[in-house]
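Visitor: Protein chains in written order, with the working numbering: chain A, 16 to 339; chain B, 16 to 339.
Please keep in mind that the hints were generated in silico from the structure rather than gathered at the bench. The structure displayed is predicted, hence computed values, not measured ones.
Since the list gives no way to pick out one identical chain from another, each pair is judged satisfied if it fits inside one copy or across any two copies.
Taking lysine to any residue pairs in the SDA-like style, the calculated list, with each CA pair at most 25 angstroms apart, reads: (1) K204 x S260; (2) K114 x P31; (3) K114 x R32; (4) K326 x R264; (5) K160 x M220; (6) K114 x V70; (7) K326 x R237; (8) K160 x R42; (9) K160 x G101; (10) K326 x A268; (11) K114 x E147.
There are 2 protein chains.
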Amino acid sequence: VARAGGEWALLARLLPRINRGLSRRVRVPPGDDAAVVEAGGRSWAVTTDMLVEGVHFRRRWTSGEDLGHKLLAVNLSDLAAMGDAGPAFGVVSLGITGKTPVDFVDGFLRGLQGLARRHAFDLVGGDTVRAERVTANLTVMAELKSRPVRRSGAREGDRLLVTGTLGDAAAGLACLERKRGRPEAHLVKRLLRPEPRLEPARRLMRIGPPSAMIDCSDGLWRSVRLLADASGAGVRVETERLPLSAPLRRWAARTGRDPLDYALAGGEDYELVLTAPPAAAARIVRAGLASDAGRVTARREGVTATFFGRKRRIPRGFEHFGGD
Amino acid sequence: VARAGGEWALLARLLPRINRGLSRRVRVPPGDDAAVVEAGGRSWAVTTDMLVEGVHFRRRWTSGEDLGHKLLAVNLSDLAAMGDAGPAFGVVSLGITGKTPVDFVDGFLRGLQGLARRHAFDLVGGDTVRAERVTANLTVMAELKSRPVRRSGAREGDRLLVTGTLGDAAAGLACLERKRGRPEAHLVKRLLRPEPRLEPARRLMRIGPPSAMIDCSDGLWRSVRLLADASGAGVRVETERLPLSAPLRRWAARTGRDPLDYALAGGEDYELVLTAPPAAAARIVRAGLASDAGRVTARREGVTATFFGRKRRIPRGFEHFGGD
Chain A
16 VARAGGEWAL LARLLPRINR GLSRRVRVPP GDDAAVVEAG GRSWAVTTDM LVEGVHFRRR
76 WTSGEDLGHK LLAVNLSDLA AMGDAGPAFG VVSLGITGKT PVDFVDGFLR GLQGLARRHA
136 FDLVGGDTVR AERVTANLTV MAELKSRPVR RSGAREGDRL LVTGTLGDAA AGLACLERKR
196 GRPEAHLVKR LLRPEPRLEP ARRLMRIGPP SAMIDCSDGL WRSVRLLADA SGAGVRVETE
256 RLPLSAPLRR WAARTGRDPL DYALAGGEDY ELVLTAPPAA AARIVRAGLA SDAGRVTARR
316 EGVTATFFGR KRRIPRGFEH FGGD
Chain B
16 VARAGGEWAL LARLLPRINR GLSRRVRVPP GDDAAVVEAG GRSWAVTTDM LVEGVHFRRR
76 WTSGEDLGHK LLAVNLSDLA AMGDAGPAFG VVSLGITGKT PVDFVDGFLR GLQGLARRHA
136 FDLVGGDTVR AERVTANLTV MAELKSRPVR RSGAREGDRL LVTGTLGDAA AGLACLERKR
196 GRPEAHLVKR LLRPEPRLEP ARRLMRIGPP SAMIDCSDGL WRSVRLLADA SGAGVRVETE
256 RLPLSAPLRR WAARTGRDPL DYALAGGEDY ELVLTAPPAA AARIVRAGLA SDAGRVTARR
316 EGVTATFFGR KRRIPRGFEH FGGD
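For reference, chain A alone in the conformation it holds in the complex (with noise of 0.2 angstroms):
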């Protein structure tokens, strides 16, 4: 029996024949950060996300508060990189085992709910189901109050930017899994409660606008090569620019790490990777919304990284749970 495989190829496998046979209205079909629909005369822009205890977050060192948290600014930050997204609302639902602690789903919801009035989300509604492990699910919509901004318009001679700081969450991680010495406070809460960038969205939308935009949820390469496959375009990452945390460079000189592998590789931080030409971004850079990273190039020339100037090679194998 043919198995149906990891998520990402299950995922291509899907894709095209999802987006047959959709009605005009919508406008952004599944593939990007999250689908835009017209409804009731506007755009609206909806993601979902699933977190699966074991496989996206360990209950050893992720509380039901971190849990409620990330998984509201994990569809927060799809939201924000489709561009100026209104006050949004969504559904939750949550399996839970027998043993599931009543702290822990008070704790999800406590956390889900801070972060919530902080960015005017409402929870309207829900489902709860037994399940083998704890699984949690939201779906968030928001009226798009700006045109889309898509992965695939990124064009030669643009620049490529990211909000932020890079690498940090994947620092986090690295941390708590091989608890040498103290785990760096800002570098673990990078990981377990990132910062959905929906005000820094709206800005850049103003002052850019972007060309192409999508979030940071797999690493900075895997969004680079994401969004340079959609463009039809290639993509130099200029590493030795690469925005680094002033907690993340001395961990990394503590550790005896390259932070720049974190930069470039490690998943988790939820920042945004745009690309924009070249007097969009530098207003962009000039308004403290994010920095330049590298440039858009021809297809042919592929994806790349360079450190000062030269090819540098890209980390592999990183451990992050959030990903694949």
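Starting from the structure of chain A, add chain B where the hints point.
Guide: Okay, now just chain B, sitting in the frame of chain A:
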């Protein structure tokens, strides 16, 4: 450690906390068949359902196609129970194990899309993850073109009405589980391929409208109790009037069962249970949209079932996949 307990208990525990702090755009908060949110100047009904292998369905007799169909049907049924829902759209999350066959996944999508075509539903996105058991979550939303019909609107003197026929799905499950004789195709189909009552709901709104409505996923008895509780009323179910299909009658006669047991307490029929003042109820019955099945009483009379005026016992312990 206190356990979160059954899903009903959990939901009852969480609802007040979810509902606290919702913004004013939430017109119907969590706790009804679907939530209703004001957004973009329109009303939107939103609902979500998660189905877990071994809890809500068994792979032994549920094909991928059945699962895809049913997941969409149960969600659309929740929208129908809110009133006149326009064309719906939604997003799916599918958790698969390493051993899930490709055929199952393909069938899942085929089943979902088969029903989608008949109800102008657009599947606009999804997430695929690895899981220990097949886990499928669907969120659907639609513009609500009528006022929302809540569970709480039943008033003493209203009639109790139900669409279609009751008990078929539970009898279908009994056929599959006990394997006594040849399964009745109609009954099994009612279990595996329920039909959401979207079009009847639209017509009910024009012809009635109902004072309260709920769908019948966990059996008539449970739906009536939820409706009575929410309305602060009593309900008398006149069981001799419950609509039974010819296949259910035949199967019950052949196997020595009381078909009213199935109609009263068997789940998964996904019919609509509604109340309406006598004149509206008469119009609805005359239009062939629903059957009269009892009346709304004072709260102090409680929720009771009669059989030609005499009190009737409520069967307990029905096995079904889809409720608790």
